[in-house]
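Colleague: Protein chains in written order, with the working numbering: chain A, 10 to 176; chain B, 2 to 335.
Careful: at least some of the hints might be erroneous.
[As the list claims (entries may be wrong)] Every beta carbon over 10 Å from chain A, so not counted as near; a handful from chain B, in silico:
hint, residue
1, L49
2, S219
3, R225
[Unchecked claim] Quick look at which bits of chain B chain A covers, simulated, 3 or more residues with Cβ under 8 Å:
hint, stretch
4, 36-48
5, 97-103
6, 270-279
Hints in this document: simulated from the structure, not taken from any laboratory.
A quick note: this is a predicted structure, and the numbers were derived from the prediction, not measured.
A virtual CB, placed ideally from N, CA and C, is assigned to each residue, including glycine.
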Amino acid sequence: MQEKALSPTVSTEIITLTINGTSKQLEVEVWTSLLDLLREPLDLTGTKKGCDHGQCGACTILLDGKRINSCLTLAVMHDGSELTTIEGLAQDGELHPVQQAFIDHDAFQCGYCTPGQICSTIGLINEGKAKTLDDIRDLMSGNICRCGAYTNIVKVVQEALERNHKA
Amino acid sequence: MKPFTYTRADDVTSAVSEVSRQEGAKVIAGGTNLLDLMKIDVMQPRHLVDITRLALTTIEKTAEGGLLLGALATNADTAYHEQVEQRYPLLSHAILAGATAQLRNKATDAGNLLQRTRCYYFYDTHTACNKREPGTGCSAIHGYNRNHAILGHSEHCIATHPSDMAVALAALEARIHVTGPQGERTIPIADFHRLPGDTPEKDTNLADDEIITAIELSPKGFARHYTYLKNRDRASYAFALVSVAVGLDMEGDTIQEARIALGGVAHKPWRNPEAEALLTGKKASRENFQPVADAYVHGAKGFEHNSFKIELARRSIVRALMQAAHVDQNSNGN
Numbered sequence: 010m011q012e013k014a015l016s017p018t019v020s021t022e023i024i025t026l027t028i029n030g031t032s033k034q035l036e037v038e039v040w041t042s043l044l045d046l047l048r049e050p051l052d053l054t055g056t057k058k059g060c061d062h063g064q065c066g067a068c069t070i071l072l073d074g075k076r077i078n079s080c081l082t083l084a085v086m087h088d089g090s091e092l093t094t095i096e097g098l099a100q101d102g103e104l105h106p107v108q109q110a111f112i113d114h115d116a117f118q119c120g121y122c123t124p125g126q127i128c129s130t131i132g133l134i135n136e137g138k139a140k141t142l143d144d145i146r147d148l149m150s151g152n153i154c155r156c157g158a159y160t161n162i163v164k165v166v167q168e169a170l171e172r173n174h175k176a
Numbered sequence: 002m003k004p005f006t007y008t009r010a011d012d013v014t015s016a017v018s019e020v021s022r023q024e025g026a027k028v029i030a031g032g033t034n035l036l037d038l039m040k041i042d043v044m045q046p047r048h049l050v051d052i053t054r055l056a057l058t059t060i061e062k063t064a065e066g067g068l069l070l071g072a073l074a075t076n077a078d079t080a081y082h083e084q085v086e087q088r089y090p091l092l093s094h095a096i097l098a099g100a101t102a103q104l105r106n107k108a109t110d111a112g113n114l115l116q117r118t119r120c121y122y123f124y125d126t127h128t129a130c131n132k133r134e135p136g137t138g139c140s141a142i143h144g145y146n147r148n149h150a151i152l153g154h155s156e157h158c159i160a161t162h163p164s165d166m167a168v169a170l171a172a173l174e175a176r177i178h179v180t181g182p183q184g185e186r187t188i189p190i191a192d193f194h195r196l197p198g199d200t201p202e203k204d205t206n207l208a209d210d211e212i213i214t215a216i217e218l219s220p221k222g223f224a225r226h227y228t229y230l231k232n233r234d235r236a237s238y239a240f241a242l243v244s245v246a247v248g249l250d251m252e253g254d255t256i257q258e259a260r261i262a263l264g265g266v267a268h269k270p271w272r273n274p275e276a277e278a279l280l281t282g283k284k285a286s287r288e289n290f291q292p293v294a295d296a297y298v299h300g301a302k303g304f305e306h307n308s309f310k311i312e313l314a315r316r317s318i319v320r321a322l323m324q325a326a327h328v329d330q331n332s333n334g335n
């Protein structure tokens with residue numbers, strides 16, 4: 010068979026990812042970011058593509074329990090990892106407490122940054138480093154909200170930390 | 002992003018042989034800076050060697066009583082590591098002053114040292130930049146140069162090194178362990194990053210076929226008297242305009258040894274051992290700190306938009322020394 014002379018070498022790898030509790034075997038082009046893999050072939054569009062440069066935090070997901078910018082990492086590098094996206098937080102039809110708290114505190118307007126804000130809040134709680142309001146503001150600074158819902162977002166994080174402390 | 006090929010290395014030897022064998026190959030670990038630059042075509046590696054599976058993530062004590070940070074330890078795991086928090090709080094504070102929680106969870110310690118400048122023109126492929134494209138000129142010298150260097154710059158490049166972590170490591174006199182085709186060697190942090198001179202395309206003295214395996218801290222952590230003071234345009238997630246890392250060894254209120262490193266002012270973390278030596282055997286006081294600050298900015302040259310950094314650096318050095326020595330900021334007038 011004759012090869013197409015001008016076609017670039019398509020470089021793909023087979024990886025296994027556990028996404029929101031389901032293990033999936035996927036063939037990925039090596040240059041595909043984790044974000045693009047989630048949004049396009051997997052249709053998990055809750056994770057948003059804001060800046061695509063790690064500056065806005067809209068693409069924040071939990072990788073093995075830790076919050077990361079899914080835009081700044083390659084899918085191929087995460088063979089064997091476990092991911093949680095905004096779609097995987099609700100359990101048995103019930104919202105995750107942090108999701109519910111965003112509604113209760115009116116912590117969003119347009120909602121575009123919200124999936125990232127929620128995943129980041131859960132990551133922050135897992136880390137256990139935020140003690141004061143200033144800590145919350147500093148440790149949430151990787152998530153930008155252009156509607157300016159920060160005051161209520163900070164309330165959500167504060168409440169989530171208190172609830173977690175009591176639990 | 003330009004297409005590239007990809008391999009996953011299983012050990013240091015195979016990683017080194019992959020990067021030396023393949024033309025245009027780059028190592029990738031955290032990827033937070035490299036992928037950002039690849040997306041805008043500032044960096045165009047033809048092959049990526051993924052080293053994230055190498056066993057270089059541990060942080061452990063050395064036989065000499067220091068600490069060895071694995072090259073792949075993340076910035077977050079390092080900053081929050083019990084030994085680092087207790088014995089090297091300067092390093093912990095500097096790391097946490099940089100980037101965001103998401104980035105620190107991915108970025109590695111070695112990658113932090115190797116991150117590229119945030120000069121606006123280096124990022125903008127439509128402009129001339131000797132660092133990105135040698136021989137094209139420097140757009141920053143007569144351009145918007147607010148975040149640029151005041152010390153050690155050249156007519157070819159006035160970029161600064163953006164890392165906070167590296168500034169603390171300079172004050173701590175860390176040693177960088179590297180492996181290449183010829184074997185292992187250790188580079189003192191002072192010799193790791195370069196001044197731009199007429200080869201601004203080279204940020205460091207790491208050879209293209211070498212990889213960092215660890216960062217070694219000596220037992221001296223300055224845990225009692227330290228400060229990382231970072232001045233920036235907003236309180237979080239911004240690069241330093243001027244930062245100061247200070248470690249003091251004190252006997253009562255007398256300084257035995259002072260280490261001072263500046264960030265945001267040069268192409269590398271800026272040390273001045275002669276100026277530091279002015280403090281040896283001196284009492285901790287504003288009067289004694291001021292000449293050190295003056296000596297640090299001696300010969301500094303600013304540009305249209307960053308000359309304010311010279312005075313900012315002077316004042317920041319004095320304040321950082323006051324904080325580290327626990328001297329009341331309001332004492333001694335001035």
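Colleague: Confirm or reject each hint.
Modeller: Hints and how they fare:
1. Not every beta carbon of chain A lies more than 10 Å from that of L49 (chain B), the smallest distance being close to 8 Å; the non-interface claim is violated.
2. Every CB of chain A is more than 10 Å from the CB of S219 (chain B) (nearest about 27 Å), matching its label as outside the interface.
3. Chain A leaves R225 (chain B) outside its interface by the beta-carbon criterion, the shortest separation being 23 Å against a cut-off of 10 Å.
4. Proximity of the stretch 36-48 of chain B to chain A, defined as three or more residues with a beta carbon under 8 Å from a beta carbon of that chain, is established by the 3 residues found.
5. Remark: the stretch 97-103 of chain B is confirmed as covered by chain A, as 4 of its residues place a Cβ nearer than 8 Å to a Cβ of that chain, reaching the required three.
6. Look at the stretch 270-279 of chain B against chain A: 0 of its residues bring a Cβ nearer than 8 Å to a Cβ of that chain, fewer than three, so the hint is violated.
Checked against the numbered hints given earlier, the structure breaks hints 1, 6 and satisfies all the rest.
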